[in-house]
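Using the hints provided, position chains W, V, D and P relative to the given structure of chain H.
Protein chains in written order, with the UniProt record's numbering: chain H, 1 to 298; chain W, 1 to 298; chain V, 1 to 298; chain D, 1 to 298; chain P, 1 to 298.
Accuracy of the hints is not assured; some may be wrong.
The list treats identical chains as one, so a pair stands whether inside a single copy or across any two.
[Unchecked claim] SDA-like cross-link-like pairs, simulated, lysine to any residue; straight-line CA separation at most 25 Å: (1) 293 with 148; (2) 84 with 254; (3) 293 with 260; (4) 293 with 254; (5) 293 with 199; (6) 293 with 201; (7) 25 with 170; (8) 25 with 103; (9) 84 with 69; (10) 293 with 161; (11) 84 with 229; (12) 84 with 199; (13) 84 with 194.
By construction, these hints were calculated from the structure, which means they are not laboratory data.
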Amino acid sequence: MIVRPRPGLMDVAFALRGSVLPRIKGRLALITLLSVAAVMTARLHPGIFSQISAIPFTLMGIALSVFMSFRNNACYDRWWEGRKLWGSLIIACRSLARRTTILEMADRRLVLTGLCGFTAGLAARLRGADERAAIARHAGDGPWLGAVNPADALLQHLGRHCLLLMQDGRIGAIHHSLLEEQLHLLAQVQAGCERIQLTPLPFSYSLLLHRTATIFCLTLPFALAGALGWWTLLPAVLVSYTFFGLDALGDQLEDPFGLEPNDLPIDAMTRTVEREMLSALGETILPPPIEAKANILT
Amino acid sequence: MIVRPRPGLMDVAFALRGSVLPRIKGRLALITLLSVAAVMTARLHPGIFSQISAIPFTLMGIALSVFMSFRNNACYDRWWEGRKLWGSLIIACRSLARRTTILEMADRRLVLTGLCGFTAGLAARLRGADERAAIARHAGDGPWLGAVNPADALLQHLGRHCLLLMQDGRIGAIHHSLLEEQLHLLAQVQAGCERIQLTPLPFSYSLLLHRTATIFCLTLPFALAGALGWWTLLPAVLVSYTFFGLDALGDQLEDPFGLEPNDLPIDAMTRTVEREMLSALGETILPPPIEAKANILT
Amino acid sequence: MIVRPRPGLMDVAFALRGSVLPRIKGRLALITLLSVAAVMTARLHPGIFSQISAIPFTLMGIALSVFMSFRNNACYDRWWEGRKLWGSLIIACRSLARRTTILEMADRRLVLTGLCGFTAGLAARLRGADERAAIARHAGDGPWLGAVNPADALLQHLGRHCLLLMQDGRIGAIHHSLLEEQLHLLAQVQAGCERIQLTPLPFSYSLLLHRTATIFCLTLPFALAGALGWWTLLPAVLVSYTFFGLDALGDQLEDPFGLEPNDLPIDAMTRTVEREMLSALGETILPPPIEAKANILT
Amino acid sequence: MIVRPRPGLMDVAFALRGSVLPRIKGRLALITLLSVAAVMTARLHPGIFSQISAIPFTLMGIALSVFMSFRNNACYDRWWEGRKLWGSLIIACRSLARRTTILEMADRRLVLTGLCGFTAGLAARLRGADERAAIARHAGDGPWLGAVNPADALLQHLGRHCLLLMQDGRIGAIHHSLLEEQLHLLAQVQAGCERIQLTPLPFSYSLLLHRTATIFCLTLPFALAGALGWWTLLPAVLVSYTFFGLDALGDQLEDPFGLEPNDLPIDAMTRTVEREMLSALGETILPPPIEAKANILT
Amino acid sequence: MIVRPRPGLMDVAFALRGSVLPRIKGRLALITLLSVAAVMTARLHPGIFSQISAIPFTLMGIALSVFMSFRNNACYDRWWEGRKLWGSLIIACRSLARRTTILEMADRRLVLTGLCGFTAGLAARLRGADERAAIARHAGDGPWLGAVNPADALLQHLGRHCLLLMQDGRIGAIHHSLLEEQLHLLAQVQAGCERIQLTPLPFSYSLLLHRTATIFCLTLPFALAGALGWWTLLPAVLVSYTFFGLDALGDQLEDPFGLEPNDLPIDAMTRTVEREMLSALGETILPPPIEAKANILT
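Chain H extracted, bound-state conformation (with noise of 0.2 Å):
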């Protein structure tokens, strides 16, 4: 996630860092070398682009936003979605440091690691990284390492201690129902979480909707050349650069838990839920919070 204050003037003129512009240089240049090509064979062979008319343009252009704004807010919304989740995995912790404040430290204990546990290894699961790893880290050895499903097979070990601890007497059944259904949401965490990472967008959106806006800003500066001379930089630049640049930031919503700028601060969540996991056992010294780096706070 960039971290900067509300862009200034100055921002707005000049800054690189959480722009766009980075990934869609390439394209960018494309289109004013063509722009400029357009233009000097418009001079040279005055009429060559005479029959070309604007309209047509215009009646592409305003469709092709109608269906970007559509793909951009699905991707938004995605984006979103994965934030909400982590909110509700940071809402699921704390209540269930909340609701086992009774229970023998050791017990304790074993559930809030295993929250630290789950959430490392869902992070890295997300991130691809080494999930059994994260896990253990947190949460140590366990039948959880060698399971399909790593995270999940931790709760299920965290649900069948807590089963346990019901069947022994330790605490009530609904005390024990209180715990299980903040596992139950952490579940849906993991599941929503899946979703959004492995079923994208349907593929021949993206793609008709790139095409479209390819084959668009291409032909643009051919339309415009005959009639408005090397003013035709302007508006085939700017266009280009709303319509890939939104396109671009939709496939870095798109999937939101990766690393890109725009993607979730994942890292920094994790951090948080472990140093709030940490403090209701009571521990003093805790790993520091994940500052932004560079504006970018992973």
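Only chains W, V, D and P this time, still in chain H's reference frame:
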């Protein structure tokens, strides 16, 4: 579901797999022919189309974009809701696995293989395969095979078993309610999937948009031929590609449980459930996860 | 609900059934006549319409598209919410069937036939049929027939019966809460359906859009006749078809429980509930599912 | 709420009741006068407006449509959420009636008349009437009349009574939780209604759109007068009707609990609750349902 | 929050308070100057801008409207979700007050003053004030003041107290679960508010739109000056006012918990909670409700 990396420049130019092009190529060829005919007619009889201006087409085209965007939105929502429902199914199965950890093995096996049977049965039902055979493969023979709604009858059987466990005092009433809650979630998933499958978008809606888009694309070349000459081909084909393409995609997403390239990977998710349930039962020889074939995950 | 395969090219050209054409043919004929009159007037008195340009019509047309799209969205949401509510009804009935499997047969029969009665009563209420007769057909005579709100009174009767089962110690309090939870869901379904039926879109909204669309379509031919000649007919009729058609569709979807072609198949869903409840009671002679007649499923 | 059949052709032409016309007639008259003035000026001094072209107005008009559509959407959502909240209120009352069927009559009467009092108090609170009097009419005198928030204090009283029933062992703890759950739902309804009533759309938003729409409509005649002559009147008045009309409608829907024609029928719903609660208590002489007066249901 | 009656005609013309005008006056002045410069240059050197046509600007402007509408929507949703979360906070406090009516006074006082402390602490946290001081003012000293997350630590303390009440047999397990459920709701509110505050819209998004809007508005005068002469000022300034104004409003709504004029009245809602909790404890001398100052309710 199409599993491919983000389209690069080459894909944008040439990719056929994952594109809707094959599906609409007939219509695109027709538009191309019409455009050629229109331009040649305009050359032979200049002025024949001089009265058709592009302005009413701008109006119609933008109106059409707005309404097609609505339909696309609705179809995409159905597709995404379908995915969410299958996510809930996975969550419910995992939570049932977690909440049955202290049951006796025979009871737990009955529940978890029942879940595999339910999942496979639902998948078969949604894809028009043999529901009863799919259930029997996992859950064996039983009264559910003769019921009106086999998948739901299997759920009833599981529910009855849980009630009996409670009646016999082998699980507490609260513990039973935690199991039953998840069965209710599964019933929600089934009814939600049936809703999406059996209630398509209002037919009149699709017909109205099909019609308007078709007439629009068929007449567009004539409106442009007089003024644009051979340049007519570009906007005529590009606009048709966008409109027909989005229309065809909407058709695919409307029923997300089918076997078309952009449909949901129901089979792969069914296998995931099977693997996780067997793993929870301690089995080590698991069926392999389903891999994408030729970029398509079914 | 219209049950048809996806429209092919022939359907697009000629289908009347399932189309809104019959409903708006009068208005379309009027627009056609007006267009002919406008073109002939323009031919006789060239210049009479020369001052009306198409540009303000582009502006109005696009604004109108945006606002009609809003209304369509809202109407579609009502239709889809209606379907979701009936989906919840099916879920609640199935869950009650599942949660009553260990009750004595007489009690279970009372509950499940009560559900058939509730469903039939709600369907009758929503379609303006005789609610009391529909309930009595399944649930027999009782105090509910004299109540202000018979369907809800039947639910109260079922709720009272469940409470008595609990009071007599024949089911536990938790088990009772599982039954009551589903009755609450049914009360939600009923009130949700009443909300959709009794609270249409604000009348002023529909009137404003009707008015603007009508005036727009009536004056469009005059704006185009001067410049386009006989070509006027194409955009004038096509635009009217789209706007009047979407308007008429919105009217149908606004109240999704009626008997118009695009309305929800309430009767068929009522029969589904009846069949599944009877099947759960072990009956083998079931009423047949309702089939579509002339492509319409009521 | 306006209760009328769907507008027929005559209504579209002449209906005033239920239309927003009366509300915006002043502004429409102003625009008409301005248009006449603009056209006459253009006739006397041809060329005076020749430089204003309609193209920037197309741009502004479409931008304005998009933003007004956003505001309308938001206002409609508030209106519809208000209706949903009152639907929840009805559901909660019915469920409480159902869940108290085995209580002693005095207790049940206390709860159900309390619900009538709560509903009437909330209605009075939302419509600026005397909340305390409305509550006292149904629930009699009590500490709630002196509280900061009388409707909520009445809920607290009901909640306390249910807790005492549980403490006295007259209902079980689970049964109590079923009652309390519905009281919580009522608290949600109250706070939701207060939220909609007390937090209008951001004022700056409404002001910005009011301003832009007003300036747009005031200057539109001058942009069109040069080219369109007397035809200017048609688009100028039609566009103003649409924009001012939607603006006025948005104002009405923003606070859906008032007494304007399109507001929700709070009084009628309050009476519905009263009738159903009294009917559940076995009373047979019920106040009559509230009927629409001059097509308006309050 | 700005508390004003609906803007009348005078407000539309002259209101500054509550308008975003003060915030964007610099940019508007710049556009005005540029427009004047452009018109004068065009007068001196006719033909210098003759090649820039307004048509590409129409295309860009409409595309920009669509994308800015998306951002506004997202920002408004954040603002409204913030309000909903505070509504949930009020609901949870009221429900806890209702569900503790039969506790001993000391316990009830501990819970209800704890809620005042939590609310004040959350408000301070969201507004960058001293969270610990705000909590201590209501809930006194305690371990929460030293915790990583003071507001949540206070919730944990309340949760622990409720658990102890249950352990001591002073409330039943079900009654305890009713209290804990509301504490969970409060944890949801806190995490939801933190989510909105700490995760702004993706920075690249805002930057891209800022940039495109700024370049668009800066170049618009040059595109219009050639054709429109002094009339250029009207569309150039009006369009800039709309785009810059919506942009500035989006910035305000994005973080709804601040102290800007359109932000939510957090302080007033905190006081409402305080007054209702104290009133529930039987206190009669209550702090007065917070009134709007100069039309602004903080």
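Original post:
Between copies, within a copy, both or neither: which fits residue 293 and residue 148 at Cα up to 25 Å?
Top reply: Classified as between; 22 Å across copies, 35 Å inside a copy.
Subject >> Up to 25 Å CA-CA - residue 69 versus residue 84, copy category >> reply: both (22 Å within a copy, 23 Å between copies)
Original post:
Are the CA atoms of residue 84 and residue 199 at most 25 Å apart within a copy, between copies, both, or neither?
Top reply: Answer is both; intra-copy 17 Å and inter-copy 10 Å each pass.
Subject >> Intra- versus inter-subunit Cα pairing at 25 Å for residue 84 with residue 194 >> reply: both (14 Å within a copy, 11 Å between copies)
**OP:** Give the relationship of residue 293 and residue 254 under a CA distance limit of 25 Å: within one copy only, between copies only, both, or neither.
**Re:** both (23 Å within a copy, 23 Å between copies)
**OP:** Have a look at residue 293 and residue 199 and pick one of within, between, both or neither, based on CA distance no larger than 25 Å.
**Re:** between (30 Å within a copy, 16 Å between copies)
Subject >> Intra- versus inter-subunit Cα pairing at 25 Å for residue 293 with residue 161 >> reply: Neither, since 40 Å and 41 Å both go past 25 Å.
Original post:
For the identical chains here, do residue 84 and residue 229 meet the 25 Å Cα criterion within one copy, between copies, both, or neither?
Top reply: neither (49 Å within a copy, 52 Å between copies)
Subject >> Identical-chain pair category, residue 84 with residue 254, by Cα at 25 Å >> reply: Both: 15 Å inside a copy, 16 Å across copies.
**OP:** Classify it for me, residue 293 with residue 201: is the Cα-Cα distance of at most 25 Å met within a copy, between copies, both or neither?
**Re:** Only across copies: residue 293 and residue 201 sit 19 Å apart there, 30 Å inside one copy, limit 25 Å.
**OP:** State whether the alpha carbon distance between residue 25 and residue 103 is at most 25 Å within one copy, between copies, both, or neither.
**Re:** neither (58 Å within a copy, 60 Å between copies)
Original post:
25 Å Cα cut-off: does residue 293 pair with residue 260 within a copy, between copies, both or neither?
Top reply: For residue 293 and residue 260, only the intra-copy Cα distance (13 Å) is at most 25 Å; the inter-copy one is 29 Å.
Hint compliance for this structure: hints 7, 8, 10, 11 are broken, all remaining hints hold.
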